[in-house]
Amino acid sequence: MAADNLPSEFDVIILGTGLSESVIAAACSRVGQRVLHVDRRNYYAGNWASFTFNGLLSWIEEYKQAGQSEEAVQEDWKEKLEEGEEALALSSMDTSISNLEVFCYASEEPEEEVNEAEAAAAAWSVPQTPDSEGEVERCLLESSSVEEEEPVVASDEASPASGPDAGAEHTQQEGQEGEVPSQAEETQGEEQQASPSPAESQPEPKKKITYTKIVKEGRRFNIDLVSKLMFSRGSLVDLLIKSNVSRYAEFKNVTRILTYRNGKVEQVPCSRADVFGSKQLTVVEKRMLMKFLTFCLDFEQHPEEYQDFSEHSFWDFLQTKKLTDNLQHFILHSIAMVIPEVCTVEGLRATQHFLRCLGRYGNTPFLFPLYGLGEIPQCFCRMCAVFGGIYCLRHSVQCLVLDKESGKCKAVIDTHGQRISCSHFVVEDGYIGADQRKNTDSRQISRAVLITDRSILPSDSEQQISLVTVPPVEPGGPLVRIIELCSSTMTCMLDTYLVHLTCSSASGSAQEDLAPVVSRLFYTPASPGEEPAEGEEESRGPTVLWALYFNMRDTSAVDRSSYDLPSNVHVCASPDTALGSDHSIKLAEAVFRQLLPDEEFCPPAPNPEDIIYDGEGPQGEGPGFEEAVPAEGAGVQGGESAERQEGKEAVEEAEGAGDAVTQETGAGDEPSPTSEE
Amino acid sequence: MHGRVKLKSTAQQEEEKRKEREKKLKIYVAARDAIFTKRMEGVLDDEALQLTQQLLSSNPDFATLWNYRREILLHLETVREEDDVQKTYEAELLFLESCLKVNPKSYGSWHHRGWVSARLPRPDWARELGLCDRCLSLDDRNFHCWDYRRMVVKMSGVPVDQELQFTDRLIGSNFSNYSSWHYRSTLLPLLHPESPDPPSPCHQPSHSSPPPSPQTHSHRVCEEQLLKEYELVQNAFFTDPNDQSAWFYYRWLLGRAEREEMISCVFVSREEERVAVAFSRPVNASSSGLMLVLDGQPQRVEWRSVHPHFRHSPVWICELPPGTISDIINEHNLTVHWTEKHTHRDCALYTGRSESWCRDSATDQELFRSELSVEKTSVLQSELQSCNQLLELEPQNKWCLLTIVLLMRALDPLGYERETLSHFQTLKEVDSMRSAYYGDLCSKFMIENTILKMEYAEVRVFSLSDKNLTMLCHLDQLLLVTHINLSCNQLLRLPPQFAMLQCLEVLEADDNTIENLDGLYYLPKLQEVSLKNNQISKLSDLQLLTSCPKLTCLDLRGNPVTQIANIQSELTELLPSVTDLLI
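First to last, the sequence lines map onto chains A and B.
According to the working numbering, the residues represented by the first sequence are 2 to 678, in order.
According to the working numbering, the residues represented by the second sequence are 302 to 884, in order.
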């Protein structure tokens, strides 16, 4: 269906498919609003998106080029305006991503062609300075050309992802215990530039992770732009359960909480089983920790314990609790996950939240969605579509049509020049032009995405999902949060780990903020594929194979009143730095309450068997409805079958939506607005 | 209202559900009737298997159907080739798995699985262990699964050390698990027996060699392993001191085996021509097994327990034929044989002596190191230290307090008496629901301490006045006591066990709340009884005193019974031998 055939009237038009926007779309559609949901990108979820490796490379390229070319779709929309109306233009450019830097440390050739690999590696000259944008671009160009010219597959890469668990059994422990040096020696002899990776199993030769392999396998895993986890009792999980949207996704439990302390990565005992099993705590420490945590669980019941400290910082309060340094560190950085200066009650509340989430689904308080966080907005989009919402990707809004008298937004003019009226307009912050921002007091998030060859803390199982808190390496530095994902989360290939680093940007670029932490915890080879010196394996962290740094604008703290926009235009903030997604969910609910104060927010979706289909059961709910019934019935039925049969396809289509505008309607065919019948 | 989904109303839904249920019920009842008919007709065919399968898959707790299935399967075994039988049973296991998903705690399904596994021509025990592990990972306290697993382990001979690792794993994931701790307590003595022999790796039970000392040491664990276990369990109770499973395991670790059954005392009285025998444990000696040899001559005597209440008793008495030992100038040698345990004890009654005894004293036997073992003192001392450390952090924790009390008793019951008493006081306060239990336990310990003091003083006078006693125990240890003072306690009764005080002459039990005198039964030497200020209210309560032939003094002042009209004359009539009656 061509985009210019869109209905000319909707209740709500939503621009941007990030988490808040998608939740609002689902909520509105669920209670019967006519929803048009569009995004100028060719993928869902905006800055919340997850990409295949190749998709991520394209995304990087897109943002590199964004600065140069303006989109030339400027149509003359003046003629669409009627008397008493004025236009308010939206920005056609996304400026939320900056300071992109890409580094590749993996050797890029298939192992067989050693000489070529060396040659190529030499040509790769890794950019060492942040200002080498040109070089990065060259790298990218080269990488893509490599991809095109040499789709040749090295024979030993034939079954990289098969039998994930069989491979996982051969632990890195083996590698730790002295087998790697000898093997590394061997491989060094055979292939000079091979990148180090943990020994897989005794008899098999060690597999190397080359850049070519990452690119080739890149379709199998998804990399997130935003790195967050879901608190088991956070508002996102609650909403997923309440609305039945959870049925569209799968989740894994985060398996361990780690922290960086005294130059070492340590496991943080946080559950009862962890505390019991911990070897690093004395029995007395165990008791102190459990006692403190038990108190936090219902601290409101014991005001006498903390009242005197309500004016003091949480850190001061911890000092008085007879806790050892060890325990203070664990509680502050890894359990409460707050800065020392935070007030006592806030620290206690954060600790309490952590503890309440603990044990709901497993031994840590967090869940991670399989295939990445980008799945979540898409799940809500699907819910919206099932209830009749209409989707267009690569489709945007040029300007809003305002009623001069009321100052409200009456309609929008889309990028095809069509005028579509609406009573509410919801928009992601990134689409707002500079003119509409009064105080653009936005912050920046610094992000790094690494692909590494082994876990930051090897253990019996290779399939660990770890949250690592890294306190400021120097006073005043940022608190860095690391999430390390294993291959079973479908975010990286077997024998590699995907590592996300996140912090609030202090002042500089993502690289300036995060590179110090990367160099402390990881090993970045001087040249691609370089082997570490023998015997250094132990002391050195995992080898970085590929790294991406970027900054993302964080508008979560911007007040609504800072925007110069009509009252029925609602702005959704970009992702924030927090670990959970509570801010976005609360925002979505707040917007929904403004839109539809009398409706329930995301009530449970009905069971398929409780839905009345065409010709079944009593029809209509009152006079004036009869006409509408057939169309509705058809729409619902279509939606249901679309959900059931095409379930996954809908999202795949969305992901691969390179060509033309993807348009989903709940009916799976042309929507039939009642007005036309 | 574009795209709005229309839903059935609640009433509609309920109506549909009701219809659905009715339909299901009809099918169910029809199938059940068909099955019963088939069974009555003795049909044992595949169709019956299918029908029962249908019903059981929705209701796996229908025991009759499982029985019928077993009949059919047994029949099929006789008519089918082994390979087919194997296949049939494998299919049965698969079906059972689906039943366990419906109800993971179904008695019927687990029992049937055990039956099938045992009959399977070529059982796959590894698979069964895997199934158990899966079930236990979902619910680590599913005792059906624990039972079945024990059977699988036994049938497949899983090595003990592997099983110990299994408990390590379960305890690691959640230590509030009695099943796992208990399982450890059965595995450790097999893997690390206490005996000096090198630890045997297989199922060699350690109690095959007879124990040398009065304490049997079977089911005990070698000290090195014990220390590791102490550490493990301390991790548990420091992590969560309110979880009792770890404390109970700790009690077991610190505990010692039951005492061996033996004769601890033989007492003979010339005047009454009576022999009393005390055992280390209650026994039944009424029929046979206990033999008395007097001066080389087996005697035909009738043994009876001290009170008709007891069929098992630690104290047994018999009357010798009149005139056997009554002459004071004769010396006699007695031997009592306890044939059940091939043990005996001698006792000589010398010329000029009116009575004689032979016994192990309570101090010799370290009798009252109560439930705790006689591990090396240094080990217990360090355990006491860690518990005290925990108590500092958790001054209100009852498990910790109680364990400290037990450790103190194991180390030095008299030395720690004051601290023990103060801990009991705290226990009664923090755990008021069980204050009576603590009262009884404290009474027990006070009695033990008094017995020890009496032993050290080598006297036969036992004074326990003003000790807050709520009950009496260890009365078998007081066989030789002649004077007892129980005044100013909170006793409610003199229990039947009191009749074990065969030598008692004077009883003082003033200022209690005694209302029952069951224990004052055939006490041959009892002369004086003082029961001032108690709760004796009926004349019939005093009836038993008639069985004490030597009673001459009775003080009943301050008892309700004295309010009865004509009490003086009634009592004189009831107890003519009493010359000093105070009411």
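Derived from the structure by calculation, the hints contain no laboratory data.
Just to be clear, a hint being listed does not mean it is correct.
Derived pair list, reagent style DSSO-like, types lysine-lysine, alpha-carbon separation capped at 30 Å [stated by the list, open to error]:
| id | chain 1 | residue 1 | chain 2 | residue 2 |
| --- | --- | --- | --- | --- |
| 1 | A | 243 | A | 265 |
| 2 | A | 322 | B | 324 |
| 3 | A | 280 | B | 529 |
| 4 | A | 323 | B | 318 |
| 5 | B | 455 | B | 318 |
| 6 | A | 253 | B | 529 |
Label-pair ranges, simulated between beta-carbon atoms [unchecked claim]:
| id | chain 1 | residue 1 | chain 2 | residue 2 | range |
| --- | --- | --- | --- | --- | --- |
| 7 | B | 658 | A | 295 | 33 to 43 Å |
| 8 | B | 360 | A | 595 | 48 to 58 Å |
| 9 | A | 295 | B | 483 | 22 to 32 Å |
| 10 | B | 398 | A | 599 | 29 to 39 Å |
Virtual Cβ for every residue (Gly too), placed ideally from N, Cα, C.
Do the hints match the structure? See the list:
1. Restraint check for residue 243 of chain A and residue 265 of chain A: the C-alpha separation of about 41 Å exceeds 30 Å, so the hint is violated.
2. Restraint check: the Cα-Cα separation between residue 322 of chain A and residue 324 of chain B comes to about 64 Å, which exceeds 30 Å; the hinted pair is violated.
3. At roughly 14 Å between alpha-carbon atoms, residue 280 of chain A and residue 529 of chain B fall within 30 Å of each other, so this suggested pair holds.
4. Annotation: proposed proximity of residue 323 of chain A to residue 318 of chain B is violated, straight-line Cα distance about 60 Å (limit 30 Å).
5. The straight-line distance between the Cα atoms of residue 455 of chain B and residue 318 of chain B is roughly 47 Å, outside the 30 Å bound, and the hint therefore fails.
6. Pair hint residue 253 of chain A plus residue 529 of chain B does not hold up; C-alpha atoms about 35 Å apart against a cutoff of 30 Å.
7. For the pair residue 658 of chain B and residue 295 of chain A, the supplied restraint of 33 to 43 Å is violated, since their beta-carbon distance comes to about 57 Å.
8. Checked against the hint of 48 to 58 Å, the C-beta distance between residue 360 of chain B and residue 595 of chain A comes to roughly 52 Å, which is consistent with it.
9. Here the CB-CB span from residue 295 of chain A to residue 483 of chain B is close to 27 Å, well matched to the stated 22 to 32 Å.
10. The hint said 29 to 39 Å for the Cβ distance between residue 398 of chain B and residue 599 of chain A, and at roughly 50 Å that hint is violated.
This entry does not satisfy hints 1, 2, 4, 5, 6, 7 and 10, going by the numbered hints stated previously.
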